[in-house]
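A.B. asks: Chains U and G are the protein sequences, given in the same order.
Just so you know, we're using the numbering used here here: the first sequence kicks off at 1 and counts up by one.
Just so you know, we're using the numbering used here here: the second sequence kicks off at 1 and counts up by one.
Treat the hints as calculated values from the structure; they're not laboratory data.
As the structure is a computational prediction, the values presented were derived from the model and not from experiment.
C-beta: ideal position from N, C-alpha, C; glycine also.
Wrong hints could be hidden among the right ones.
[As the list claims (entries may be wrong)] Incomplete in silico selection of chain G near chain U, CB under 8 Å:
hint	residue
1	N41
2	V58
3	S60
4	H75
5	R92
6	Q102
7	G108
8	L276
9	F280
[What the hints assert, rightly or not] To spell it out: a stretch of chain U is covered by chain G in this simulated footprint if at least three of its residues, at any positions, have a beta carbon under 8 Å from a beta carbon of chain G; those stretches are:
hint	stretch
10	48-62
11	146-159
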Amino acid sequence: MASDGVVLREGVALRPQPGGGSSDRDAHNSGSTIHSGSAVWSLCWREMLRFVRQRNRIVGAIGQPVLFWALFGAGLGPTFQLAGAGTDVSYREYFFPGTLALILLFTAIFSTISIIEDRREGFLQSVLVAPIPRWSMVLGKVLGGTVLAVAQGWLFLALGLTVGMKFSLPGVAAAGLFSFVVAFALTALGFVIAWRMDSTQGFHAIMSVFLLPMWLLSGAFFPAESGWLSWVMWANPLTYGVAGLRRLLYLGENAVAGSGWMAALPALAVCLTVTFAFAVATFAMSCWIANKRTTGDLL
Amino acid sequence: MVSAAAVVVSGLVYRYGQRLALDDVSLSIDQGEVFAFLGPNGGGKTTLFRLLSTLIPVQSGEIEILSLDAARQAHQVRRRIGVVFQAPSLDRKLTVAENLWQHARLYGLSGKVFQERRREMLLRFGLADRAGDLVETLSGGLRRRVELAKGLLHRPQLLLLDEPSTGLDPGARADLWEYLHRVRAEDGVTVVLTTHLLEEADKADRLAIMNAGRVVALDTPERLRSMVGGDTISIETPEPAALAASIRERFGREVTVVDGRVRFEQPDGPQWVARLATEFAGRIQSITVGKPTLEDVFIAKTGHRFREAEEVGVGE
Numbered sequence: 001m002a003s004d005g006v007v008l009r010e011g012v013a014l015r016p017q018p019g020g021g022s023s024d025r026d027a028h029n030s031g032s033t034i035h036s037g038s039a040v041w042s043l044c045w046r047e048m049l050r051f052v053r054q055r056n057r058i059v060g061a062i063g064q065p066v067l068f069w070a071l072f073g074a075g076l077g078p079t080f081q082l083a084g085a086g087t088d089v090s091y092r093e094y095f096f097p098g099t100l101a102l103i104l105l106f107t108a109i110f111s112t113i114s115i116i117e118d119r120r121e122g123f124l125q126s127v128l129v130a131p132i133p134r135w136s137m138v139l140g141k142v143l144g145g146t147v148l149a150v151a152q153g154w155l156f157l158a159l160g161l162t163v164g165m166k167f168s169l170p171g172v173a174a175a176g177l178f179s180f181v182v183a184f185a186l187t188a189l190g191f192v193i194a195w196r197m198d199s200t201q202g203f204h205a206i207m208s209v210f211l212l213p214m215w216l217l218s219g220a221f222f223p224a225e226s227g228w229l230s231w232v233m234w235a236n237p238l239t240y241g242v243a244g245l246r247r248l249l250y251l252g253e254n255a256v257a258g259s260g261w262m263a264a265l266p267a268l269a270v271c272l273t274v275t276f277a278f279a280v281a282t283f284a285m286s287c288w289i290a291n292k293r294t295t296g297d298l299l
Numbered sequence: 001m002v003s004a005a006a007v008v009v010s011g012l013v014y015r016y017g018q019r020l021a022l023d024d025v026s027l028s029i030d031q032g033e034v035f036a037f038l039g040p041n042g043g044g045k046t047t048l049f050r051l052l053s054t055l056i057p058v059q060s061g062e063i064e065i066l067s068l069d070a071a072r073q074a075h076q077v078r079r080r081i082g083v084v085f086q087a088p089s090l091d092r093k094l095t096v097a098e099n100l101w102q103h104a105r106l107y108g109l110s111g112k113v114f115q116e117r118r119r120e121m122l123l124r125f126g127l128a129d130r131a132g133d134l135v136e137t138l139s140g141g142l143r144r145r146v147e148l149a150k151g152l153l154h155r156p157q158l159l160l161l162d163e164p165s166t167g168l169d170p171g172a173r174a175d176l177w178e179y180l181h182r183v184r185a186e187d188g189v190t191v192v193l194t195t196h197l198l199e200e201a202d203k204a205d206r207l208a209i210m211n212a213g214r215v216v217a218l219d220t221p222e223r224l225r226s227m228v229g230g231d232t233i234s235i236e237t238p239e240p241a242a243l244a245a246s247i248r249e250r251f252g253r254e255v256t257v258v259d260g261r262v263r264f265e266q267p268d269g270p271q272w273v274a275r276l277a278t279e280f281a282g283r284i285q286s287i288t289v290g291k292p293t294l295e296d297v298f299i300a301k302t303g304h305r306f307r308e309a310e311e312v313g314v315g316e
């Protein structure tokens, strides 16, 4: 044990402690929670600083989904008809929560791709040998990505209010809060994928064959009707995120919320539960994978 | 009781898959020492650095750092060591001050104490007027100084550096050494570094020469050189093997052929020049006599040249 009794924590300078051995452990325990929290916050803040210093990332993360939304809305709008209608929901409106999910997904992806850069540029090494638990490093990264995603999601939600959607104001606020959970789950999922990758190209491949299809089959782009595709959609955790956003947006708007196609979506409680579980599961996986010290941590 | 050793390594073995990177390494580094691991690339020093910095877990053997077990008490070890990696660990998109802030948070420093330390580090490393600059705009030498400032910000008792002078021009290299010696003198920090540069290892208090995963020699640079004995005589000749055989036969000396040159060590080098020149006139193109260098130590211990070892050494 540290019989020299040297303590270093929370701004306490190196100083011999007359008490000897046990003081080291006590000091460490009492300071560790605040210390970890402060480390999480600093890593999260760093993500934001980096984001605003790389403006092109904003264009990629929000520009493309908004463009999709406008173009698909215009192109598919005239032929789009929801089953069991009775409500006049345009494709632009149908596609809105899906676009929101896409913005969250894109930002999540862009911010977790930076793990690969952190590793390659060497920054990650210094975090790996810092006296913080690995979960706090994961949480800092995932929270940073989440906050960025949610901020952009809110911009898009604000846009939705101005272009004549039938969403309610409390609905938009509730969807705004729920997007935090969806974004957290997606960022943590991105973390799991990016952690072991050694190139951003590899991440792009995963994005095309896994993440984008996951989004396409979440009810974001078209509703689940029947057949095998609908089974895949029910099994996709993101389906519950998109359905949750959709249900929340129409909070209090009973004309739309009570229509047949909305009734076919999973219930709100199910959406919330599954999405929370998805977030917890992906975060747990992130911590687990980051906790394994292997030679993969090396440059 | 304060233990005198900053680092105690015993029976350390490390493998990357099948490849043996460290083969039963044992050594001890005193507190307040400037200690260098010298070896060709692939010699095992980077692996040892990674183990000491707790970046990779101990597979077999033991590492004690500042009287703590590096395997079981990694967290406590991490609070007490400063690590400067070979690859820069700064965030280039952040300013110098922001990088220091980020580091402070990871080590649980905040408020007044952090501000004081930051000021102190910026002054000590001549960075005060660059605090607001993005790291990507700094030169290699300045970046290395920021790395040092970062590594020392939390006042570690042990500073570990992996190939610290890589990519630095001679001026910045000299500065680096000045800083390292000052850190040791003023704060009593133990400095442990790896290097593949012979002239750099010469500046350490003690050094361990590593080759093929083993420590082949460990002592002060002076004593290592005197171990080789006297002067090093090196002969250039068109027929090194034959000449070596003749010298062995005629004088009964231990002679080696390294890199196409015949070489051996003698206490009275200059006298040997005359003796060899008369004895083997016509077979010798040139003779050089010099004080032994660390390279000679390396040759004496491993039987081959330092650069050669680097070329055949498997990359880490």
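A.B. asks: State for each hint whether it applies.
C.D. replies: Here is how each hint holds up against the structure:
Given the 8 Å rule on beta carbons, the hint for N41/G is violated: about 14 Å separates it from the nearest Cβ of chain U. With a least beta-carbon distance of about 10 Å to chain U, the hint placing V58/G at the interface is violated under the 8 Å criterion. Hint status for S60/G relative to chain U: violated, with the closest Cβ pair at about 15 Å, above 8 Å. For H75/G, the interface hint holds, since its Cβ comes within 8 Å of a Cβ in chain U; the closest pair sits about 5 Å apart.
With a cut of 8 Å, the hint placing R92/G at the interface with chain U holds, because the nearest CB-to-CB distance is about 7 Å. Annotation: Q102/G was flagged as interfacial toward chain U, and the flag holds, the nearest CB pair being 5 Å apart, inside 8 Å. Look at G108/G: its Cβ gets to within about 4 Å of chain U, closer than 8 Å, so that hint holds up. The interface hint given for L276/G is broken, as the beta carbon of that residue sits about 49 Å from the closest beta carbon of chain U, more than 8 Å.
At about 51 Å, the closest approach between the beta carbon of F280/G and any beta carbon in chain U exceeds 8 Å, and the interface hint on this residue is violated. Given as covered by chain G, the stretch 48-62 of chain U passes the check, having 4 residues with a CB less than 8 Å from a CB of that chain where 3 are the minimum. Closer than 8 Å: that is the beta-carbon criterion, and the stretch 146-159 of chain U has 0 residues meeting it against chain G, so the requirement of 3 is violated.
Hint check: violations occur at hints 1, 2, 3, 8, 9 and 11; the rest are consistent with the structure.
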